[in-house]
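Chain residues, written in single-letter form:
Protein chains: 4
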Amino acid sequence: SKWQVWTEENVRSTFHKRFAGAHKGTFGTGLLLAGSDEMPGSALLAGKGALKSGIGKLTIGTSRFVSGILAGQLPEAMYKHDGLEAVGEGDVPKGIKACAIGPGLADAGKTDMALQHLMNTDLHLVIDAGALKKRTYPKRKGLVILTPHPGEFSRMTGVPASDIQKNRFQYALAYAQEQNAIVILKGRYTVLAFPDGSLIVNPTGNAGLAKGGTGDTLTGMLLAFVSSEKDVKPAVANAVYFHGASADLWEQTNAERGLLASDVSEHLPLVMKSFEQ
Amino acid sequence: SKWQVWTEENVRSTFHKRFAGAHKGTFGTGLLLAGSDEMPGSALLAGKGALKSGIGKLTIGTSRFVSGILAGQLPEAMYKHDGLEAVGEGDVPKGIKACAIGPGLADAGKTDMALQHLMNTDLHLVIDAGALKKRTYPKRKGLVILTPHPGEFSRMTGVPASDIQKNRFQYALAYAQEQNAIVILKGRYTVLAFPDGSLIVNPTGNAGLAKGGTGDTLTGMLLAFVSSEKDVKPAVANAVYFHGASADLWEQTNAERGLLASDVSEHLPLVMKSFEQ
Amino acid sequence: SKWQVWTEENVRSTFHKRFAGAHKGTFGTGLLLAGSDEMPGSALLAGKGALKSGIGKLTIGTSRFVSGILAGQLPEAMYKHDGLEAVGEGDVPKGIKACAIGPGLADAGKTDMALQHLMNTDLHLVIDAGALKKRTYPKRKGLVILTPHPGEFSRMTGVPASDIQKNRFQYALAYAQEQNAIVILKGRYTVLAFPDGSLIVNPTGNAGLAKGGTGDTLTGMLLAFVSSEKDVKPAVANAVYFHGASADLWEQTNAERGLLASDVSEHLPLVMKSFEQ
Amino acid sequence: SKWQVWTEENVRSTFHKRFAGAHKGTFGTGLLLAGSDEMPGSALLAGKGALKSGIGKLTIGTSRFVSGILAGQLPEAMYKHDGLEAVGEGDVPKGIKACAIGPGLADAGKTDMALQHLMNTDLHLVIDAGALKKRTYPKRKGLVILTPHPGEFSRMTGVPASDIQKNRFQYALAYAQEQNAIVILKGRYTVLAFPDGSLIVNPTGNAGLAKGGTGDTLTGMLLAFVSSEKDVKPAVANAVYFHGASADLWEQTNAERGLLASDVSEHLPLVMKSFEQ
Ligand SMILES: Nc1ncnc2c1ncn2[C@@H]1O[C@H](COP(=O)(O)O)[C@@H](O)[C@H]1O
Ligand SMILES: Nc1ncnc2c1ncn2[C@@H]1O[C@H](COP(=O)(O)O)[C@@H](O)[C@H]1O
Ligand SMILES: Nc1ncnc2c1ncn2[C@@H]1O[C@H](COP(=O)(O)O)[C@@H](O)[C@H]1O
Ligand SMILES: Nc1ncnc2c1ncn2[C@@H]1O[C@H](COP(=O)(O)O)[C@@H](O)[C@H]1O
Ligand SMILES: [Mg+2]
Ligand SMILES: [Mg+2]
Ligand SMILES: [Mg+2]
Ligand SMILES: [Mg+2]
Numbered sequence: 202s203k204w205q206v207w208t209e210e211n212v213r214s215t216f217h218k219r220f221a222g223a224h225k226g227t228f229g230t231g232l233l234l235a236g237s238d239e240m241p242g243s244a245l246l247a248g249k250g251a252l253k254s255g256i257g258k259l260t261i262g263t264s265r266f267v268s269g270i271l272a273g274q275l276p277e278a279m280y281k282h283d284g285l286e287a288v289g290e291g292d293v294p295k296g297i298k299a300c301a302i303g304p305g306l307a308d309a310g311k312t313d314m315a316l317q318h319l320m321n322t323d324l325h326l327v328i329d330a331g332a333l334k335k336r337t338y339p340k341r342k343g344l345v346i347l348t349p350h351p352g353e354f355s356r357m358t359g360v361p362a363s364d365i366q367k368n369r370f371q372y373a374l375a376y377a378q379e380q381n382a383i384v385i386l387k388g389r390y391t392v393l394a395f396p397d398g399s400l401i402v403n404p405t406g407n408a409g410l411a412k413g414g415t416g417d418t419l420t421g422m423l424l425a426f427v428s429s430e431k432d433v434k435p436a437v438a439n440a441v442y443f444h445g446a447s448a449d450l451w452e453q454t455n456a457e458r459g460l461l462a463s464d465v466s467e468h469l470p471l472v473m474k475s476f477e478q
Numbered sequence: 202s203k204w205q206v207w208t209e210e211n212v213r214s215t216f217h218k219r220f221a222g223a224h225k226g227t228f229g230t231g232l233l234l235a236g237s238d239e240m241p242g243s244a245l246l247a248g249k250g251a252l253k254s255g256i257g258k259l260t261i262g263t264s265r266f267v268s269g270i271l272a273g274q275l276p277e278a279m280y281k282h283d284g285l286e287a288v289g290e291g292d293v294p295k296g297i298k299a300c301a302i303g304p305g306l307a308d309a310g311k312t313d314m315a316l317q318h319l320m321n322t323d324l325h326l327v328i329d330a331g332a333l334k335k336r337t338y339p340k341r342k343g344l345v346i347l348t349p350h351p352g353e354f355s356r357m358t359g360v361p362a363s364d365i366q367k368n369r370f371q372y373a374l375a376y377a378q379e380q381n382a383i384v385i386l387k388g389r390y391t392v393l394a395f396p397d398g399s400l401i402v403n404p405t406g407n408a409g410l411a412k413g414g415t416g417d418t419l420t421g422m423l424l425a426f427v428s429s430e431k432d433v434k435p436a437v438a439n440a441v442y443f444h445g446a447s448a449d450l451w452e453q454t455n456a457e458r459g460l461l462a463s464d465v466s467e468h469l470p471l472v473m474k475s476f477e478q
Numbered sequence: 202s203k204w205q206v207w208t209e210e211n212v213r214s215t216f217h218k219r220f221a222g223a224h225k226g227t228f229g230t231g232l233l234l235a236g237s238d239e240m241p242g243s244a245l246l247a248g249k250g251a252l253k254s255g256i257g258k259l260t261i262g263t264s265r266f267v268s269g270i271l272a273g274q275l276p277e278a279m280y281k282h283d284g285l286e287a288v289g290e291g292d293v294p295k296g297i298k299a300c301a302i303g304p305g306l307a308d309a310g311k312t313d314m315a316l317q318h319l320m321n322t323d324l325h326l327v328i329d330a331g332a333l334k335k336r337t338y339p340k341r342k343g344l345v346i347l348t349p350h351p352g353e354f355s356r357m358t359g360v361p362a363s364d365i366q367k368n369r370f371q372y373a374l375a376y377a378q379e380q381n382a383i384v385i386l387k388g389r390y391t392v393l394a395f396p397d398g399s400l401i402v403n404p405t406g407n408a409g410l411a412k413g414g415t416g417d418t419l420t421g422m423l424l425a426f427v428s429s430e431k432d433v434k435p436a437v438a439n440a441v442y443f444h445g446a447s448a449d450l451w452e453q454t455n456a457e458r459g460l461l462a463s464d465v466s467e468h469l470p471l472v473m474k475s476f477e478q
Numbered sequence: 202s203k204w205q206v207w208t209e210e211n212v213r214s215t216f217h218k219r220f221a222g223a224h225k226g227t228f229g230t231g232l233l234l235a236g237s238d239e240m241p242g243s244a245l246l247a248g249k250g251a252l253k254s255g256i257g258k259l260t261i262g263t264s265r266f267v268s269g270i271l272a273g274q275l276p277e278a279m280y281k282h283d284g285l286e287a288v289g290e291g292d293v294p295k296g297i298k299a300c301a302i303g304p305g306l307a308d309a310g311k312t313d314m315a316l317q318h319l320m321n322t323d324l325h326l327v328i329d330a331g332a333l334k335k336r337t338y339p340k341r342k343g344l345v346i347l348t349p350h351p352g353e354f355s356r357m358t359g360v361p362a363s364d365i366q367k368n369r370f371q372y373a374l375a376y377a378q379e380q381n382a383i384v385i386l387k388g389r390y391t392v393l394a395f396p397d398g399s400l401i402v403n404p405t406g407n408a409g410l411a412k413g414g415t416g417d418t419l420t421g422m423l424l425a426f427v428s429s430e431k432d433v434k435p436a437v438a439n440a441v442y443f444h445g446a447s448a449d450l451w452e453q454t455n456a457e458r459g460l461l462a463s464d465v466s467e468h469l470p471l472v473m474k475s476f477e478q
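Protein chains in written order, with the UniProt record's numbering: chain A, 202 to 478; chain B, 202 to 478; chain C, 202 to 478; chain D, 202 to 478.
The following block holds chain A by itself, in its conformation from the complex (with noise of 0.2 Å):
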């Protein structure tokens, strides 16, 4: 199957200045269900990863609790208190384009009741972490984009995690073929595989990354791209892009593994900046 590298040539190619005239509805408003009372942090990092990269509006569905926690570090979202219960009972929020579930989520049951919902939607979903197992994704209109890591794609797939390192083109390109769905297998050179057999292999990030926390910075950052781009294939591959360059950025300065993935989110203005058109 056709593969190539996403290289910068790639991310110029395809990452715009933002419309002048534009406001807040242009660029789409996400739904972010993530976080819970022992893992709070994820929900934070996923929202700075969204608001970071350009999200219009951002409504975090978690308990009061985790609000909380997160209002005063990310005073520009909204919330929905226990929102994935809410979405969990058919109370899926008006008015947005795309919703991302999964970071510090632990209550499976709850994260099923909405991802079955989420699904008879035409929103686009992201799906990450503990949204992430064996599941069968139906064909639907809003993309359905999963970003395991190897030890979760392991568990979506039944196949373990060293064979999946060995061939890690074929398992994420059956996987998106079959499941209609884009998979992003994370790692190094992470991998993106499109339903259309196309294949992308990300050059950016380091060590640094490997770390508690960056893919939930990841998870943000493709929720805002997939509701303010309309072109599917770069819009993801930029955001896997600019983690990993942001990550590279830093780490020219600082030890790598020093690397939080709060500086991950902190950075990334600056790096889009030397690639916007």
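Just so you know, the hints here were simulated from the structure itself, not pulled from any lab data.
Values in this document were obtained by computation on a predicted structure and should not be read as measured data.
Don't take each hint at face value.
Identical copies look the same in the list; a pair holds intra-copy or inter-copy alike.
[Claimed, not checked] Derived DSS-like pairs: lysine-lysine, alpha-carbon spacing no greater than 30 Å straight-line:
#: 1; residue 1: Lys225; residue 2: Lys367
#: 2; residue 1: Lys367; residue 2: Lys218
#: 3; residue 1: Lys334; residue 2: Lys225
#: 4; residue 1: Lys311; residue 2: Lys334
#: 5; residue 1: Lys335; residue 2: Lys298
#: 6; residue 1: Lys474; residue 2: Lys342
#: 7; residue 1: Lys367; residue 2: Lys298
#: 8; residue 1: Lys367; residue 2: Lys295
#: 9; residue 1: Lys367; residue 2: Lys431
Once you have looked at the hints, place chains B, C and D with the ligands on chain A.
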């Protein structure tokens, strides 16, 4: 009608350093009624906008839950728990010069009650977001400043937003004169319409501002400027100008899409410095 | 009476680097009784002022609600829930060298009770804001440092603020000698009056300090300086000097009106560095 | 006995860049049992020290109240509410490599219970502050690392602190060999004593570290280094070295007295960068 673009020259000639012997009482105390349990951040953003713009003292009336979220980020403010309800019962704090109401308010009934009491005072009022609706403003001594975006202005006037956008000057001016209020119709090239028939157009700002929360920041800035400046027209025009100029400065080194409302406040002192006489 | 302006030279000759073999015990533990549910930030600002000024250890006595607000911003401090009440019942923590009381305190009765017990100790006391009122101070071993602005000094003395402002030296000195207390009468050209009849005038600071919260920062700084320095006069004079000097440094690149009390603390280490011998 | 000063050369030759193909599992998950309702910040400081030093994943076991304080500042961590109590009942989380216990712990009984269970595991243990007392450590597979300051070492040994200070090498070494533990006797020229009889002296750090909280930061750093490095001696020596070196870098532009423990963590990645091979 006469209109003008508010230029760098206008700012320079109307924006002055403070009186060296001033104390905090010199600059007026402001009251901010904002924030609710699912939109706490609006109050934080507006409060930060006010403090960074030079308000003397700030009291934020919001729930205890929201106060707990804000106070660690805005230790310079005081809090009045359930301040909206208190004002709605006629308990308007003494010694204040202006009140901003609306950002992040979710309860229309309580907001209306508070506004009724505020209308009966001589306070300058900045009315935004959740406090904007179809309503008649009485003749009063204090200013009424309305800060709708086109969607909110549509709700206030019954005119479709697309029509408003085609005739921003006319609609803003008509409303300003009818209601004896200053209308700040936001969006690219924000229009400021005054009851005396004059119109100001703001040239600053960029599409990075097209994100949830940036309007809240402006509301806080306006609260500070009308509390601490004597000459109303330059006060509000400068507030709007600096809001956009801060976004423009930020955009010189960052991709605009990554701009957060907090960044706007953060850079205000630096931006204002270059205009200070 | 003899008075002097506290000059850069005075600071340089009295401000020293720390002893290389010091440990945290060397610099004294301070107790800060400050903050209430609607004025939590005062405690944060004072606490930050103390820690950035070199206190060895800091315990903040405040409500559990306020502690929860502060601790994420001031993790270096310890907290005593309901510390004001505890001291009011005679439970003064052991091992401390000085106590600051007043910023953000709302309950006059409890504050009085605590002060009564504190007066019976040998601790240095910094008394500010909510703890300042008409009162007689007993002869005692520890210092009594009072930090009123003209309005508070008027409340303490019964003299109208406008009269005080016309005779700042005389009023401050008379009170200092009557009450055997150090009076720091704040505002432009802050006056420090000592019981021995000497007067110091501070030349630093600017109108950016004319905003809620800056006095709280100074209170914390004074707590640190009297806890860790032996020579009292230079200790308090340097604290006041650095407070203003930090505002002056900040103002070189920022419009003064945008200064927040937090910024004052933030830049203290940089400012103090240039005076360290 | 043989002792050596840990030099810049030692650091350079033992501190390496990470393996490019690493994932978060490569660097080990750490458990931090720290923080109590009146000393919540200790857990924050230790957690930040661990994350900035390159731990793969971090779980902080602390109360729900403390978790709520920490999570907005340390979103990269996971939380286990009442983790100390859980471990005390034998519920030690699976999949972890090391545990640090002590900073900000107030309940000696619960701490002891937890330690008893931890002793029966193969985990590396870093024991500090509230978890340090007179105690006998069993022979075990995992490391025992004790990090007392002289006052704590006095409590552990019954020897007066002033005597300890006169014979730091001897007392540290005797205890290390008796108890088969690594003793890190803190203070200027921190001494590291190993059960094999070797002694390391750390040359970095300054009196700015003489402030509450800096020890907590070190504890977190040690947790990260023993979780992610294979060679124990350089791991702990480098952690202590970087802790002081960060303070030294900071002091080049700031008055040492203004140093906060948070600043130490903040600058770690920059400091470590200059030693990375
Ligand atoms: N060694 C590495 N090199 C490049 N990227 C990495 C590396 N380790 C982890 N990452 C990235 O960091 C993120 C980790 O996500 P997660 O495993 O969900 O926390 C993914 O985007 C990975 O691709
Ligand atoms: N494309 C744009 N160019 C300039 N300013 C904008 C643009 N979009 C939004 N803004 C400003 O951002 C703020 C948005 O406020 P709100 O709609 O209440 O969130 C207003 O001050 C708008 O004028
Ligand atoms: N115009 C000014 N020039 C210099 N210092 C000022 C000025 N206004 C206020 N300050 C200082 O700011 C602080 C205000 O304290 P407070 O009134 O308690 O909030 C005091 O340290 C004052 O001396
Ligand atoms: N005067 C000093 N010079 C160098 N390091 C110091 C000094 N005072 C304290 N430290 C370090 O700061 C930390 C204090 O830890 P603790 O006593 O637990 O708060 C330890 O790492 C000490 O070695
Ligand atoms: Mg993940
Ligand atoms: Mg708005
Ligand atoms: Mg004051
Ligand atoms: Mg310690």
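30 Å Cα cut-off: does Lys335 pair with Lys298 within a copy, between copies, both or neither? Close inside one copy (25 Å) and across copies (29 Å); limit 30 Å.
Can you tell me if Lys367 and Lys295 fall within 30 Å by alpha carbon in one copy, between copies, both or neither? Answer is between; shortest inter-copy Cα gap is 27 Å, intra-copy 43 Å.
Cα distance capped at 30 Å. Does Lys367 pair with Lys298 within a copy, between copies, both, or neither? Cα proximity of Lys367 and Lys298: across copies only (27 Å, versus 36 Å in one copy).
Check Lys225 against Lys367 for me: Cα-Cα at most 30 Å, and say if that holds within a copy, between copies, both or neither. Close across copies (19 Å), not inside one copy (44 Å); limit 30 Å.
When Cα atoms must be at most 30 Å apart, do Lys334 and Lys225 count as within-copy, between-copy, both, or neither? Result: close only across copies, 20 Å inter versus 34 Å intra.
How do Lys474 and Lys342 come out at 30 Å by Cα distance, when the copy is not named: within, between, both, or neither? neither (32 Å within a copy, 47 Å between copies)
Which holds for Lys367 with Lys218 at a C-alpha limit of 30 Å: within a copy, between copies, both or neither? Between copies only: 24 Å across, 39 Å inside.
Cα distance capped at 30 Å. Does Lys311 pair with Lys334 within a copy, between copies, both, or neither? Only inside one copy: Lys311 and Lys334 sit 14 Å apart there, 38 Å across copies, limit 30 Å.
Should Lys367 paired with Lys431 be assigned to within, between, both, or neither, using CA atoms and 30 Å as the limit? between (33 Å within a copy, 26 Å between copies)
The structure shown violates just one earlier hint, number 6.
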